[in-house]
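Asks: Chains as they are written, first to last, in this note's numbering: chain A, 9 to 277; chain B, 4 to 256.
Incorrect hints may have been included.
To be verified - In the DSS-like style, the derived pairs of lysine-lysine whose C-alpha atoms are separated by at most 30 Å in a straight line are:
#, chain 1, residue 1, chain 2, residue 2
1, B, Lys45, A, Lys74
2, B, Lys103, A, Lys108
3, B, Lys45, A, Lys108
4, B, Lys103, B, Lys126
5, B, Lys103, B, Lys83
Treat the hints as calculated values from the structure; they're not laboratory data.
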Amino acid sequence: MRLQDNNVLRLARVWVSLAKISIIREMEFRANFLLGIIRQFLWLLTFLFSISVVFQHTQALHGWSKGEVILILALSRLFEGILDIAITPNISQFPSFVQKGSFDYIVTKPLPAQLYTAFRTINIYVLGNVMAGIGLLVWVITSGSIHIELQSVPVFIWVSSMGLIIFYSILVTTASLAFFLERLEALWGLMNLYTEPLTVPIDIFPRVPRLLFTYIIPIAFIVFVPAQALVGKVDWHTGVLATGIAIVSLTIANIAWRTGISRYTSASS
Amino acid sequence: MEWSRLLQYRADILLWTLATTMSPLVSMALWYTVAISAGNEKMAHTTAIYYIFVLFVSTATLAWAGYFIAQEILNGEIAKSLMKPFSLFWGHIVGNIVEKTLRFLVPVPILIVALIFFKDFFKGSVLSPSLLPLALVSIILATCIGSLIDISLGLLAFWLEDAMQIRRFQDLLYQIGSGILIPYSFFPSSIHTALSFLPYRYIVSAPAEMLSNQMTTLEIFRVLGIQAIWVLLLFIIVRFEWKRGLARYAPPG
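With the rest of the complex left out, here is chain A (with noise of 0.2 Å):
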């Protein structure tokens, strides 16, 4: 018997009310809010001035030009805003569910827990991220700084939401390691670590590191690859690599989620 009825149109439905909600609240607090943008738009300029401090050195960054660096800029501003809008805030709060135990009224839900976990309410207060992203974007792309070719678009398309995927599997992974662990509130710091590579290109970093963002905690598909597909740097194969890794990241996350999940008893037993 089937006790939920998971179609996507009715998660759709909840995720709409939820939405209005957390919009509704972040409106209660319109300064912060503000000041949040504010704020956003100050780490915009001076990621801007360190590209700009970088070119005074040297004409391309281990073959990336200005407009290119600031292409992968534009993008993680965007890539992450989304993520952080809808996603990021919710996981980085659930160890403490763990820990309290008031997981409890979200396993009890008639929504798949992990669904609801992950996109719980919507954060707002993020979205001068995602507007300096589009901005950076449109400017870059019309002042010619870099050149486009039609076809890389559908390329770069596919590979963008293969790391939208990749990305969340990688969160839902780390988050699960809180039903292990039973306390894990240096998650958000953990987060932290994930987005500190994003902004500037994979390939400045030696093979180690290279390697390990490519393979293990594949953060190199979530800005890096979708940057170099728009460019035209790379061939139909990434994508192919981006399809693969983007399966296997979602089939670890969701063994990583189920078998935390299966251990979890809550706070009082």
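Chain B: place on chain A using the hints.
Replies: Using the frame of chain A, we list chain B on its own:
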């Protein structure tokens, strides 16, 4: 007592430290590549060594007491600490030192690995042993500057409901001013000068520049002097805030 409290959180603290290590490591790869692309191998080596010391110095000088002091002020818990027979700052200082010993488990192995595998890098690019005590003094002064800034921001909670926002903004200044995001040797000279008027350079960059042999003996003494002035200035500010703040404080509840 601090030790046993700390050991319960050991996995958390190591992960946190690892996470804070990431930003200097990414910057290291970036600026090393820039120097290599510019054809300046010596600068590349200096940059790599600079960042290894940055990891070390930033761990040593990290401060977080202000965050907890702000929270205690806001929720009234501070009243309890005020009744204890010793200043609440001592508790934070002991906690800070104890936690740092654990945090060093991340940068110290990195330093050792670097020393073994990249011996040539360090040749002639590390401060001579005779000047090492000066660098140590500089790190201690840097820790004082970092902690005093942190506490002075925390004490703002006496006046402001939302002292946390200011912390997030100052984090930006810290990342740029401390030389973690961009080393001072890469800054255009006007910005180099402008940023040297802020205290942040003297928390991380200055001791790391010293250790990676980027300063003459004269410059080292000048930096030590500036650091001492900042410590004094910030100490006066913190004392002033504390007295004024306590005088007007009415714990909630």
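Asks: Compare the structure with each hint and give your call.
Replies: Consistency of the hints with the structure:
1. B:Lys45 / A:Lys74: The hint holds at about 24 Å.
2. B:Lys103 / A:Lys108: 28 Å, holds
3. B:Lys45 / A:Lys108: Roughly 53 Å between the alpha carbons, so the hint for lysine 45 of chain B and lysine 108 of chain A is violated.
4. B:Lys103 / B:Lys126: 29 Å, holds
5. B:Lys103 / B:Lys83: Holds. Lysine 103 of chain B to lysine 83 of chain B sits at ~26 Å (cutoff 30 Å).
This entry does not satisfy hint 3, going by the numbered hints stated previously; all others are met.
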